[in-house]
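Participant: Starting from the known structure of chain A, fit chain B with the ligand onto it as the hints suggest.
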Amino acid sequence: MFKNIVFTIITIGFCIKGNAQTVSAEVKEERNIYEKIYDAPLNVAGKQQLSLHELYNEKPLLLALVFTRCSGVCNPFLLQLKENLQFRTKDNSFNVLVLSFDPRDSIKDMNLLAKKFDLENNKQWFFAVTDSITKLNQSISFNPVWDSVINQYDHDALLVGINSEGYITKKLIGIRRGHDMDLLIASVNNVFSPTYRLPSKNLLFSCFNYDPKTGKNKLGLGLIFIALPAVLTVLMLIFISYFVKHKRPEIEETS
Amino acid sequence: MESIKLRKITSVWVITVLILFIVSITLGILMRLNQGEVISQSPVTFYSNLTTHGLTMIGIWFVAGMAAVNYLMQRYIKTSYAANVIALVFTVIGVLMLWTATFIGKFHAAWTFLYPLPFKEMGAATWATLLFLASLTVLGIGWLIWSISLMTQILKKYSIAQAFAWQHFKKNPKVETPPFILISMITLIGVIACLFAAVVLLVLFYAEYFSKGNFVNDALLMKNLTYFFGHTIANEMLYLGLAVIYELFSEVSGRPKWKTTWYVALAWNFTLIFVLTAFFHHLYMDFVQPEGLQIIGQLASYLASLPAAGVTVFSVFIAVYRTKIKWSLTNLLFFIGIAGWVIGGLGAVIDSTISNNIVLHNTLWVPAHFHTYNAMGNVLFSLGFFYWFSTQFSENSKVSKFTTLTLTLLLIGGIGFLLAFYFGGADSIPRRYSIYPSDFPMAAPMATIGATFATIYLIAILIFFFNIYKRCLKILFSPS
Ligand code: HEM
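Which chain is which? The protein sequence lines are A and B, in order. In terms of this note's numbering, the first sequence is residues -19 to 235. In terms of this note's numbering, the second sequence is residues 33 to 512.
Excised from the complex, chain A in its bound form (with noise of 0.2 Å):
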């Protein structure tokens, strides 16, 4: 119960934070999507050495960056994400690679940590160190930042997706819901994500309007905006015409 309290405080603590950042949590990430990931040779807890592109080629992954020694956002990071796959047991079209981008953690800190995540047995994550986590990092455009104030990573709690074929398809930063974990889990599937704004007042002129109680769609206010030129064209040759017709001289007629 109390470790349920303490985690949900941390959590909203962190997603807070993350609010606070939503636009440059935005752009970044946007950043380097449909770019390939550097193919960074891994030493994979209770594996031999492998490179990042045998584990994608085998299956999709999805890459946590993270660090023993953090005393901040990892250890929430990784509990919730390992929730929200925990529900999808069914689910093993991908992988998850849990990496470390602390040059002074060792694959044996990693065995640790899957432990600890109660992890080290699950064929679906994956646990390992690189020593190429800044051309890794690089190409993905995440800058953990070093403060020796506290003795920590400045980091963000960053969620990348690739596809089988080493293409980031998407990135997520922050602790994140449900519905972005099927997003992201669909799109290293290389499955389209329909998506659409969601209602709001704000949105006065949708085409459709979508009703939750029937599950269909209603005409909206913004088809008239698409045939309003259209009409108002119309509307001005009529008037155009009529109000020059007195000017019109009788046209010579054809022999």
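Certain hints may be false.
Calculated lysine to aspartate or glutamate pairs in the EDC-like style (CA-CA distance at most 20 Å, straight line) [unchecked claim]:
no., chain 1, residue 1, chain 2, residue 2
1, A, K16, B, D471
2, A, K198, B, E323
3, A, K27, A, D111
4, B, K206, A, E230
5, A, K88, A, E100
6, A, K70, A, D98
7, B, K110, A, E230
8, B, K189, A, E230
Hints in this document: simulated from the structure, not taken from any laboratory.
Facilitator: The following block gives chain B with the ligand in isolation, referenced to the frame of chain A:
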């Protein structure tokens, strides 16, 4: 006949358009060189150049068509000189504002500035979006005044039914509507409708910009309006060029003047109705757009273009087949332009067919077909007019020795430049990429080849420009 003032302003249009054309082609070549990795521009510079290139090209070839139509219309009716001057002043101011927004402010949302991109500009100055919208407003106002003025002048002489040549649907019509008037009228209606669409679009953009979040737009509505404006104006400017051809082709070829027949009237009335709904084919990928509108989009794309293309090609064919023609640079440009228009038009019809669009959507096939009917179609219609116009008042009207050279370079450069786009499209290379992904190994070499041929095309345009600008300046500075 046409007033001296009209002559002078037309020569200003000709020189202005050609200078802006040369700058815009250079931007196009730079883009192709960047895609070919021969030079390296930042993505923001590439997309600002793409925006400047696209909008300037559409703008100048629209006004080129309007200036030509205005000039020739004086043969039938009196046109307003003031409206012509207003359009010129607004165009120059509008282009300067646009270039400031893109070159200095780094606005780079492409020529379609699709919502909400103008509000999400990374790396652009904060003022750039507003200046960009203001530049479109200035251009739109100037062009709207000009179009409405020309339409009004036609209506002073012809009733609506006569202007649309409806009397030609009956046998032995008593009054003849010249094809030039029919096509100009139909085109002006389309131009006015799409400029009204631009007005609505801009008002909605401004409303969101100034409401500080209290009002937001519907993306589907904005996309529909964007293409109502963008697609329609890009089509209508071609029809302006065709009006010029209907008026001048036979005249410069020494053949009898073309007449309006029932099938010419019918084909162009089809265009009037269907061109205003063909833009729906730009929304095939928008799942929220109702299926009915998608079907209308496909049918309207066929019905707006095929009948008009059919009668025009037929008329040109009849005019040249087994007849002795007085060939000059003017009618040669018209003739090649018609071929470019038809080939590009077929490319467009292929792309507007839903089953093909799934494959071709947003690949280089798109710039391939629209550059065909622009760079090797509509541009040549206007160049033909420019040449004809410049020779009208010169004593030395003998065929320039540069004619063959200009045409050869235009053809080699134009075809090579276009083929690089077509092969790219067939290889599924996406459009609007500043640097191509490594999955397309042929994309960069093809872009470099495209840039090389485009340079040949540019040389042809430079020769053409130096060939006629002195004559235009002479007209401009001749005593009234
Ligand atoms: C030789 C002359 C030309 C060159 C070298 C050139 C080059 C280019 C290039 C490289 C692009 C970008 C293609 C891409 O999507 O990857 C482009 C786009 C475009 N061009 Fe041209 N072009 C030329 C002539 C024209 C003409 C005559 C017109 C119109 C009348 C025109 C209108 C456009 C438009 C509207 C776009 C789309 C801009 C956008 O995507 O926002 N171009 N051109």
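Participant: Hint by hint, say whether it matches the structure.
Facilitator: Hints, verified against the model:
The hinted pair formed by K16(A) and D471(B) meets the criterion: a straight-line CA distance of about 10 Å does not exceed 20 Å. At most 20 Å may separate the alpha-carbon atoms for a hinted pair to count; K198(A) and E323(B) meet this at roughly 15 Å. Only pairs whose Cα atoms come within 20 Å are accepted, and K27(A) paired with D111(A) is accepted, the gap being roughly 16 Å. Pair hint K206(B) plus E230(A) holds up; C-alpha atoms about 12 Å apart against a cutoff of 20 Å.
Simply put, K88(A) and E100(A) have alpha-carbon atoms about 12 Å apart, close enough for the 20 Å limit, and the pair holds. For the proposed pair K70(A) and D98(A), the alpha carbon gap of about 19 Å is at most 20 Å, so the pair holds. A threshold of 20 Å between alpha carbons decides the hint, and for K110(B) with E230(A) the separation of about 16 Å falls inside it, so the pair holds. For the proposed pair K189(B) and E230(A), the alpha carbon gap of about 8 Å is at most 20 Å, so the pair holds.
Comparing the model with each numbered hint stated earlier shows that all of them hold.
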